[in-house]
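> Please model the entire structure based on the sequences and the hints provided.
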Amino acid sequence: MKWSEDQARAISLRDQNAIVSAGAGSGKTAVLTERIATLLTQDPGLEMENFLVVTFTDAAANEMRGRIAKRLEELREEAGQHGERAQARRYEHLINTLWQAQISTIHSFCLQMIRRNALSLNISPGVDLLDANEQRVMIRQAARDVVEAALAGPTGDEVQRALVALRLVGREPIIQALVDLCDTARSQVHPEAWLDQAKAMYRLDGTFHDNAFGDWFQTWLCDSLAQALSSMQMAEQEAASVPELAKFHEWANDAIHALQSALQITQTSPCAVDAVADTLRVFDRRAPQIKYNGPEVEIVRACAEKAKKIVRDDITSVLYRGESMLKQDLADLAPHVHVLVDLAKAVLAEIDQRKAQREALDFQDLEHLSYRLLTSSDSLALARVRDQYRHVFVDEYQDTSPIQDALVDLITSGANNLFAVGDVKQSIYRFRMAEPNLFLDRYRRYHQGEGGTCIDLRDNYRSRKEVVAVVNYVFRQLFQEATSGFDYNERVEMRASAPYPPYVEAQAAVEFHIFVPNLNTDIPQESDIEVMDEAEEDTVRLENLEREADWVARQIAQWMQEGAMIYDSKRESPRPLAYRDIAILLRTGKQSLNTVVAALQRHGIPANADTSTGFFGAPEIQWLIAALRAIDNPLDSLSLVALLKSPLIGWDDLMLARVRVVTGGSYWHALSKAADSTEIGDSVRDAALAARDQILRWRTLATRMQVAELVREILDETGYLLYLDGMTRGSVRRANVDKLLDLASSHRSTERSDLFGFLEAWRAWEEADLDFGSALPADADAVSVMTVHHSKGLEFARVFVLNLGRQFNLRHQGPLMLERTTGIGANMYDPATGQRWRTVASIAASYADKRETLAEEARILYVAMTRAKEKLILVGTANELEKKVRESYQAHAPGEPKLSEAWFFAAKSYLDWLVPALVRHPAGAELRALDRSTWDGHLLDAGDAVLSLSIHGSGESRIGAAENHAESPFADMSIDDVEALLTASRHSDTRGPRAIQIRPSQETRVANLYAKVTATDMRRLHAALSGQGKHGLGAATSLLEDPAFVRAQTVSPRERGTAFHAFMQRCAWPCDADPEAVVKERDRLFATGLLDARLAAALQVDDVVQFLRSDLGLRMRQADCVYREQPFFHRIDVHIGHEHTVPVVAQGVIDCLFEEAERWIVIDYKTDRMQSEEDLERLVQEYQAQVATYVAALSPLAREKSIEAYLYFVAAGRAMTVQPMVLSSVFERLQSARGEH
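In my numbering, the protein residues as written are 13 to 1249.
Calculated directly from the structure, the hints in this document are not laboratory data. Keep in mind that this is a model prediction, so the values were computed, not measured. Ideal placement from N, C-alpha and C gives every residue a C-beta, glycine not left out. Hints are supplied without guarantee of correctness; some may be wrong.
Label pairs and their in silico Cβ distance ranges [to be verified]: (1) L668 x E310: 51 to 57 Å; (2) E894 x K303: 23 to 29 Å; (3) E894 x K321: 17 to 23 Å; (4) P300 x A212: 45 to 51 Å; (5) G463 x D208: 26 to 32 Å; (6) F1141 x P300: 53 to 59 Å; (7) D754 x A81: 31 to 37 Å; (8) Q365 x R215: 28 to 34 Å; (9) D754 x L668: 28 to 34 Å.
SDA-like, lysine to any residue: derived pairs with alpha carbons at most 25 Å apart [what the hints assert, rightly or not]: (10) K320 x I302; (11) K1213 x Y1135; (12) K804 x P414; (13) K211 x A162; (14) K862 x M445; (15) K602 x D793; (16) K1092 x G182; (17) K367 x H202; (18) K602 x H824; (19) K862 x R333; (20) K602 x E184; (21) K582 x W571; (22) K804 x Q603; (23) K895 x Q301.
Okay, structure coming up:
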């Protein structure tokens, strides 16, 4: 093989430590293999046992071992052909002793070293190793027991105060906070020392100027001021040339000067909080009112408002409290943080004790015990290790943790034998405690000649030069010292070296496709109607992804139909594109992957999804676990109903309701009574009898069988697996059931191994959110659908990267803000009022975490884009694309080729980085055409970076519209014509189809309907199609509420409404209509954790009393049966054309439902504010479809009783009757509206 100059240098370097920065596709594994082979060839005294090769995964270790064996076999053959018998025998010896080389993960190496030195560590040589799932369950149980003991101990009151002050109320948040704290500590070299440092950050005097809190607080303040300054300068520039905006221009200049002064103070005098606050007082003045209506106004207003929002909401809401109060916050938090850290230390001690009792270790123990062993003055282990391993290789060094790096330093110190290979641009495992700065620090030291040398492998042997050029173009703008810790320059960027023939396709090798929802339509955006909650945001994301995935599926189908070709580098010739040559990459897994796979399957495209399965949430698993729980305890009504409704028994909602009304009490009592009743219909009694007898039979078997045997009996008796085969992704569902059987078979319990013991273990596994891996059998020729993380190290001829418009998850996932450099970032919290506010600690920790997260997101994008060999297609959905384009003109400073630091860290999605890069690319004309108002005409030098850009409106991709076959030649024929043609074809040589699919004639617009909608969707559609919607003061104020600290003692309308909903859902019923009783019930809910402090403080007691004393509230309190937060599903049949009907499933949750003697009553609570009767009438009309959906869902169960529906407006204290409506008419109007467009 011909090696590049850099590769040859890496292979031949001797007697020096080296760090190799190996870019994507640079052949680093081949270099590692060749270096080992060359060392063995040049040094006759070198044996395989003298090599330590540390890899990131077991699979990588196996691949490395295989490559070394293959290379040694090649060398043996060459030696034999040249008559070098002695050398051939040496290679044969090396091949036979290859097993002696320590080629493994760091954990395997540590485990072997610990077992060799077990007596020195005072542990058993046969110590057991806990797997990751066992370890997670153990630490959670230890945390639970430690907290319970602490609360019951002599310092229980102090512990309780600390937990409440840190907003760790409830079992799960407390446990998770301690687990996260212990995990972070154990990733460090000295866990207890790190915990002590985290405690020491909270000083009793509250000072923070000289620690990490102060450093990151200063960084946050500088970046925030820079963002505000950039926006205000844009507003000032637009206003400068408009005489009518002279007063505003003057104010803007004052604001700019204030921001510049504040930024200068912050940069030169860290943490000069009061001085910066005084400088920003100009923003307390109201900006001059703009009455001018010219084209510049929209930009001026938008930029000025953005700057004011940053200053007022983000900066001055903190700084105006003053430096003394910011210090006082940290001083007040100090004792509480100290208690939490002591609890974490106790958890670590408890875990060690439990592992000792079990004679077991976990993965972190392997690293820490090895470090202890190698640093012990009484141990000879370090000397033996250094003597044995003459050459140490570390692969994927960029994903090393601090404790792993410390081990490497110990082993190689003073030996000049370290060869570390990695690529910091591909460091994407921060969630596994990887620390890319370790790579950067070592690289900088070696680059300066301190301790070693650095080598850069830039040549890319994977991708076409057209792909490489675009990747370089994008990341020259993203990667820089200030954002990623390094500059993407000539020393780092890729150099195309793969031997491809000339590119001849009409379309560019790299394509960008941006989808714009609701383009050219009058139906408003979601944001025009109301603020979406998290579940609705997920729904919108999936809808966007469905649209993108459907377009991708049609693109793949088109390639296959056209016979697309790719270049086979092994054969050095073209060959037809196969499904296995295509990959679809996503940032996140689980539901996103399922969405893409479903889209491919609709088009008949085989797909493999390499993902965590969402095992616990899979319906086929939930049905079986519900069955086991109901068998173990039939009085568990929720599990019993889930079993009855599952495919194992198969009841529908109507049957469940008919049995439920037989008697009160548990559902098992109702089922048993129904089975013996003579007063109900035969069909209901027979179904109840069969179900009861079946469950009793299973209960008997449970006393005689192991759990796995019981599950197999249930599967055989019910034909459950055949049912799963008929579902989508049936092979995956079968694999999940097999995994459940494996878990049941291998279940180990120290207390009991019966059904109850298994279910208790299952509960612990669920709470620990364990990951049981992929359960999808692979198809040999299928499109690979995977997360970017799973794609690392792989390559594909054609790669799609989807969902680039999805917002980054910048919200910290745990109950406690943790960051490795700052420690614990606690907010202040007042339990009496429910108020909380940011502190220097929380700002510092969260901002450090945000910057690290965004830097990693850029690296993830780099990994995704470098998987492509020949074609790269990037796809995303952008809301308000025109606004995004206009704002992106600010992303580059004048004449600068890189994104500004402020812009980089303000990004919320990949498109926030990509759109500015595309706007300034010569091919970005279609984007620039959307808004030229502030375009400065400056294009970047794209060089050889050729790309294409397409913008798609929402109507271009119809979910489910495409068929997985060509248009049938019989599409326009009658049945008689088809029969005649087929008869004729039997007696001729005409090559026509031998089989056809006969299906109802269906208008194209049928495919445009939603498969599933929520009740809220129904309201939105109805309001949009009727020209209604929320306008004016109410909607605006809900979007522009002040933060809690600024509002002081006030409660926002949204918080007020949420608190009312929560109280009415969870209070003991019936609730007395007395203020004191409501207050008492509120306090009880808070004490039991059913109402958090924020909601308890926001609850307006008068709102509750007013409702309970109203006519509607009185009827509700007198009702026999009251159902609150009642979920439902309902089928809506939509008529298309004269005969065809399409089903749409509606789902939602009814706030309140109660039964009277003659009727059912439906109540939907609303928190809208109104200023007139006209507002009230408009809101009733707007919500009509939503409430009508509730009524329609209830109708089948109401039997002969009538149904009344009410909207109750909390703020106004008014109950308004809602009239029914035909729900299908909403979709029929939607079809008409789309047809007009």
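> For every hint, state whether the structure bears it out.
Each hint tested on the structure:
1. Between L668 and E310 the C-beta distance comes to about 55 Å, which sits within the given range of 51 to 57 Å.
2. Distance hint check: the CB atoms of E894 and K303 are about 24 Å apart, consistent with the given range 23 to 29 Å.
3. Distance hint check: the CB atoms of E894 and K321 are about 20 Å apart, consistent with the given range 17 to 23 Å.
4. Distance hint check: the CB atoms of P300 and A212 are about 50 Å apart, consistent with the given range 45 to 51 Å.
5. At roughly 29 Å, the beta carbons of G463 and D208 sit within the given window of 26 to 32 Å.
6. At about 55 Å, the CB distance of F1141 to P300 agrees with the hint of 53 to 59 Å.
7. Between D754 and A81 the Cβ separation comes to about 33 Å, which falls inside the hinted range of 31 to 37 Å.
8. One distance hint, 28 to 34 Å for the beta-carbon pair Q365 and R215, holds here, with the actual separation near 32 Å.
9. Range check, D754 to L668: about 32 Å between beta-carbon atoms, so the 28 to 34 Å window is met.
10. Taking the CA atoms of K320 and I302, the gap is about 15 Å. The hint holds against a cut of 25 Å.
11. Our distance criterion of 25 Å between C-alpha atoms is met by K1213 and Y1135, whose separation comes to about 17 Å.
12. Of the supplied pair hints, the one linking K804 and P414 holds, its CA atoms being roughly 22 Å apart against a limit of 25 Å.
13. About 19 Å separates the Cα atoms of K211 and A162, which keeps this hinted pair within 25 Å; it holds.
14. Of the supplied pair hints, the one linking K862 and M445 holds, its CA atoms being roughly 16 Å apart against a limit of 25 Å.
15. Of the pairs offered as hints, the one joining K602 and D793 holds, with about 22 Å between alpha carbons and a cut-off of 25 Å not exceeded.
16. Our distance criterion of 25 Å between C-alpha atoms is met by K1092 and G182, whose separation comes to about 20 Å.
17. Taking the CA atoms of K367 and H202, the gap is near 19 Å; set against the 25 Å cutoff, the hint holds.
18. The straight-line distance between the Cα atoms of K602 and H824 is roughly 20 Å, inside the 25 Å bound, and the hint therefore holds.
19. Between K862 and R333 the CA atoms are separated by roughly 24 Å; this keeps the pair inside 25 Å, and the hint holds.
20. Between K602 and E184, the direct Cα distance comes to roughly 23 Å. Compliance with the 25 Å bound is thereby established for this hinted pair.
21. Annotation: proposed proximity of K582 to W571 holds, straight-line Cα distance about 22 Å (limit 25 Å).
22. For the hint linking K804 to Q603, the alpha-carbon distance of about 20 Å falls within 25 Å, and the restraint holds.
23. Taken as a hint, the K895 and Q301 pair is honoured in the structure, with Cα atoms around 23 Å apart against an allowance of 25 Å.
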